[in-house]
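Student: The residues making up each chain are set out below.
Number of protein chains: 2
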Amino acid sequence: MVALPDPEPLNELIESLTKLPGVGKRSARRMAYHLLQYDREGAKQIHDALDHALNDLVHCKMCNSFSQEEICAICQSPRRDHSLLCVVETPSDLNMIEASHGYHGLYYVLMGKLSPLDGVGAQTINFERLLKRVFEYPVKEVILATNFTAEGETTAHYLGTVLKEQNIKVSRIARGIPSGSELEYVDAGTIAWALNDRRSG
Amino acid sequence: MVALPDPEPLNELIESLTKLPGVGKRSARRMAYHLLQYDREGAKQIHDALDHALNDLVHCKMCNSFSQEEICAICQSPRRDHSLLCVVETPSDLNMIEASHGYHGLYYVLMGKLSPLDGVGAQTINFERLLKRVFEYPVKEVILATNFTAEGETTAHYLGTVLKEQNIKVSRIARGIPSGSELEYVDAGTIAWALNDRRSG
Ligand SMILES: [Zn+2]
Ligand SMILES: [Zn+2]
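In order, the protein sequence lines correspond to chains Z and D.
Under our numbering, read the first sequence as residues 26 to 226, first letter to last.
Under our numbering, read the second sequence as residues 26 to 226, first letter to last.
These are calculated hints, taken from the structure and not from any lab test.
None of these values were measured; they are calculated from a predicted model.
Fair warning: there could be bad hints in the mix.
In this list, chains with the same sequence are indistinguishable; a pair is considered to hold if it fits within one copy or across any two.
As the list claims (entries may be wrong) - The calculated lysine to aspartate or glutamate pairs, modelled on DMTMM-like cross-linking and capped at a C-alpha distance of 20 Å, are:
| id | residue 1 | residue 2 |
| --- | --- | --- |
| 1 | Lys189 | Glu153 |
| 2 | Lys50 | Glu209 |
| 3 | Lys69 | Asp81 |
| 4 | Lys86 | Asp31 |
| 5 | Lys157 | Glu95 |
Take the sequences, apply the hints, and build the full model.
Tutor: Now the structure itself:
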């Protein structure tokens, strides 16, 4: 007697859910059962949201963050200080800095960080887009606000070297943020302080 | 300066992913960024799989498990012992019992368990469908293979009482399965032994 497999659409759903970061086969199975049995409405919502996000979101041509327009609202805003460019790893980090109310310049979102051990090199992060951004719309200063993790520090060091070679003023947010932690987990006051206390790179 | 929100399709995606069991706002955000930035192909797969699963899967009319046909392959099979009915909580439990190769009868999948503290009562679990199943296609014995957790035991006790009132022979799989654990986490040999050593209820 051979074990009969789950029906194909169920297997397909379980398999697809393992594409989510941190979700293994067992969690994916529970998620699939839950959606199909108790929350078909939620399943429909995820389906439609994926549709909209995949079709309607692009990367802002200036800051590289997700946007519905070619140039996002922050990059377009005349009320921001266009001479300052703050480089962060993710859109979450951008949100955290905005919430600190300590910064009024523009951003560049790397959408990742250098992680040589995982094979994430300068090609993957696409630093050239950042350099192009800085040449097209010159700024007075680039503030490196990558996380104070090993990868974030490597990224900041790499970017600092490359930008300074181009005679661009570079600073690093102050190490007021606890070493080894990530921006997302730090209170807004500390972030504001760290931005203010930035050192010339 | 007011913090600018994420673009709407991104918010929508993050919000929808919190519908997944065990996924909070922060995990949902990480999942959304990951899919949009690094795995759009995976996002497409989830989208399509949800489409297929929502449209193509129904509950088997006999065993209540997910199926592409009105009556699933197990319930249709002439090689199974149609006089035995094993009641389990989820399709995962059914798969685990199949993998033990210790059982050749049919199944009924409750798709849940009684959990009075969480407000999950006999209405939610729809025990009437199980009773109807047993009256329409009479069996010699119903084997209760719900988990040996508080909820599984409550469910087994409730079902045992109801079925015995209808003069149906009821048994409970042997408590060879470690108390407090769930079928999914037990090795196939123990499951086979527990099925074999079942006690008359
Ligand atoms: Zn932008
Ligand atoms: Zn069936």
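Student: Could you run down the list of hints and mark each one as holding or not?
Tutor: Results for each hint:
Taking CA atoms no more than 20 Å apart as the test, Lys189 paired with Glu153 passes inside one copy only; the shortest distance there is 14 Å, against 74 Å between copies. Within a single copy, Lys50 and Glu209 get their C-alpha atoms only as close as 28 Å, which misses the 20 Å cut-off; across copies the closest is 13 Å, which meets it. With identical chains, the CA atoms of Lys69 and Asp81 are at most 20 Å apart both within one copy (18 Å) and between copies (14 Å). Proximity of Lys86 to Asp31 under the C-alpha cut-off of 20 Å is restricted to the inter-copy arrangement: shortest distance 16 Å between copies versus 45 Å within a copy.
In this homomeric assembly, Lys157 and Glu95 come within 20 Å of each other (Cα to Cα) only inside a single copy, at 16 Å, whereas the closest approach across copies is 59 Å.
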